[in-house]
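Participant: Each chain, written out:
Protein chains: 2
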Amino acid sequence: MHMKGKTIFFDSPPIITGHAGVVGKKEGEGPLAQDFDAIFEDTSMGQQSYELAESAMLHDAIIRALSNAGKSPSEVDFILSGDLLDQCMGSAFALKDLEVPSIGLFGACSTMALSLSVGSMLVDAGAKCIVAGTSSHFCSSERQFRFPLEYGGQRPPSAQWTVTGAGSAVVEQQGDGIKIKAVQIGTITDLGITDANNMGAAMAPAAARTISDFLRDTNTKPQNYDLILTGDLGFTGTELLYELMQQEYKTKLEGYHRDCGMMIFDLKEQDVNSGGSGCGCSGSVLCSHILKNMKKGKLKKVLFVATGALMSPTSNKQGNPIPGIAHAVLLER
Amino acid sequence: MHMKGKTIFFDSPPIITGHAGVVGKKEGEGPLAQDFDAIFEDTSMGQQSYELAESAMLHDAIIRALSNAGKSPSEVDFILSGDLLDQCMGSAFALKDLEVPSIGLFGACSTMALSLSVGSMLVDAGAKCIVAGTSSHFCSSERQFRFPLEYGGQRPPSAQWTVTGAGSAVVEQQGDGIKIKAVQIGTITDLGITDANNMGAAMAPAAARTISDFLRDTNTKPQNYDLILTGDLGFTGTELLYELMQQEYKTKLEGYHRDCGMMIFDLKEQDVNSGGSGCGCSGSVLCSHILKNMKKGKLKKVLFVATGALMSPTSNKQGNPIPGIAHAVLLER
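Quick mapping for you: the protein sequence lines, in order, are chains A and B. Heads up: the first sequence begins at 1 in the numbering used here, then just goes up one per residue. Heads up: the second sequence begins at 1 in the numbering used here, then just goes up one per residue.
The shape of chain A in the complex, shown without the other chains:
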């Protein structure tokens, strides 16, 4: 690999040889239903807690991605995974029976891009096969970050709906699949947003920064991509991203950009306010709908930019701002 500015370019691009996105019932009723690799009607996954249900879903996505790539866990050098739960419990319990060396990551909702970025650098360094993954679950997130489910708290229009789902991708040095041409590790960006019901606003500045850094380093414009895909800015965050890109970076993003959080649900019909969120949002959308459409040739060059809000319930209750981060992955057919 070589770096230019903040962007890491791969001379021999790592290849996504297998991938899977799995979701829960509500996501399975949305516009992307036909592309998911599995839709679980029972989002408890037969487990005794929401947290273990999330782990089971991530485990399922990993096994499907591996099977898709024709690999067994014993052929994997490293699994890179993380999630939103305290101490990344979702990943720990998903991975513990796979017997694969495990790198725990924390990037909040940016984790799919973080795991793919770090994973492809490790492949570039010499690993033959890695697995990147992440997950989220509406019920485990809701009770951890907001209120008990039974409370039925109301949400402002800027709030988002945590996706119940998981995504996983197998990345190898060689093979058939979508190429990872470049990645960028994001820089934490904090404009002082403190409203935990407006994550889009907290993450939009990080997205704008990473996208503009990437365009600068690659000397490209939005029209050079089939799609610039953010993770889960939702409706509110997307509007802010467009404004920031226009005002700060003189770049028009409208028409070249979509957001996984606005794609996974029907915002008019599914009562999700500003859209989907959570690690599993961009994880499941990228690893099913997007990569499938790239394989079919409908999309050839996609810049995937997943954003994370690096807050905890504690940091938020203490009145601290919500730092944002956005990592980028350039995918090419």
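These are calculated hints, taken from the structure and not from any lab test. One or more of the hints may lead you astray.
When chains are identical, the list treats them as one kind, so a pair holds in a single copy or across two.
[As the list claims (entries may be wrong)] Heads up, simulated DSS-like pairs for lysine-lysine below, C-alpha to C-alpha not over 25 Å straight-line:
(1) K292 to K317
(2) K25 to K6
(3) K300 to K179
(4) K181 to K71
(5) K181 to K128
(6) K26 to K4
Position chain B against the provided structure of chain A, taking the given hints into account.
Facilitator: Chain B in isolation, oriented as in the chain A frame:
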């Protein structure tokens, strides 16, 4: 890099060019006092919360390590950091003003070895300079994982005392310093321990596995090292490690091994039960006492194996076992 078994060997070993370990008052009254780069009498660090105090301590360790290496933050390609707090709040707030691309990690108390392992692979891949770091704080950990400080809960003899401290190391492709010759990413190991007051027991099986895998892959024995250094098994976990190594792997570790958790405090005088724990335990001991002694030539070949208990208060209250993990870093003068 090339892999043999689970161990990653570097053909051009990355070099630790700067390092710093900083601690709080209690750690500064222990046996390693003279080697720490800073001892903070006021462990609130002038902040409004214990969590932000932890962030301030990590920030301090990073700045000292960079200064030690003669580097400014703008010369750093990536910072890799994580901690025990929910959503790794300690790291997010420590890093946010540094303006360096940030890779969030979660490895619980294994984070110092995880950040050094992943960081050195990234240096091997082409990064010129990375910073690895981690932190913990007695007060932020205690109230998150156990009880409010004011409650004064009693602890069984197997319980450990979370270290208030942080460690950070700068790793570069070239320069003067201690070489990272090999690393190993650990595999999650779960023998069904559920007692959150006995983390040593939960982590010892992972330590035994990683140490024996490393000895196998390198065709070495404990006597080939000046020191095999575990992170924070404490007294109870160390006893179990010796038993496991003897019974399962026919290897005698006594005499070649020490544990940071037993080194940082005087177990007889400082009322810490089984010893120190927390990410900051092995972080501060490695990045001060150990690396300083390696530079002086007192230690030439050290196998650093930090262990993590991948539990959350939620997973524990739900009665789940505590999965352990241990990552290894081979350091040579």
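Participant: Hint by hint, say whether it matches the structure.
Facilitator: Checked hints:
In this homomeric assembly, K292 and K317 never come within 25 Å of each other (Cα to Cα): the closest approach is 41 Å inside a single copy and 40 Å across copies. Taking identical chains as interchangeable, the C-alpha atoms of K25 and K6 are never at most 25 Å apart, the minima being 39 Å within one chain and 39 Å between chains. For the identical chains of this complex, K300 and K179 are intra-copy neighbours only, at 10 Å inside a copy versus 43 Å across copies, given an alpha-carbon limit of 25 Å. Taking CA atoms no more than 25 Å apart as the test, K181 paired with K71 passes inside one copy only; the shortest distance there is 23 Å, against 30 Å between copies.
Taking the shortest Cα distances, K181 and K128 sit within 25 Å of each other both inside one copy (17 Å) and across copies (20 Å). Proximity of K26 and K4 under a CA criterion of 25 Å is satisfied in neither setting, with 42 Å inside one chain copy and 45 Å between copies.
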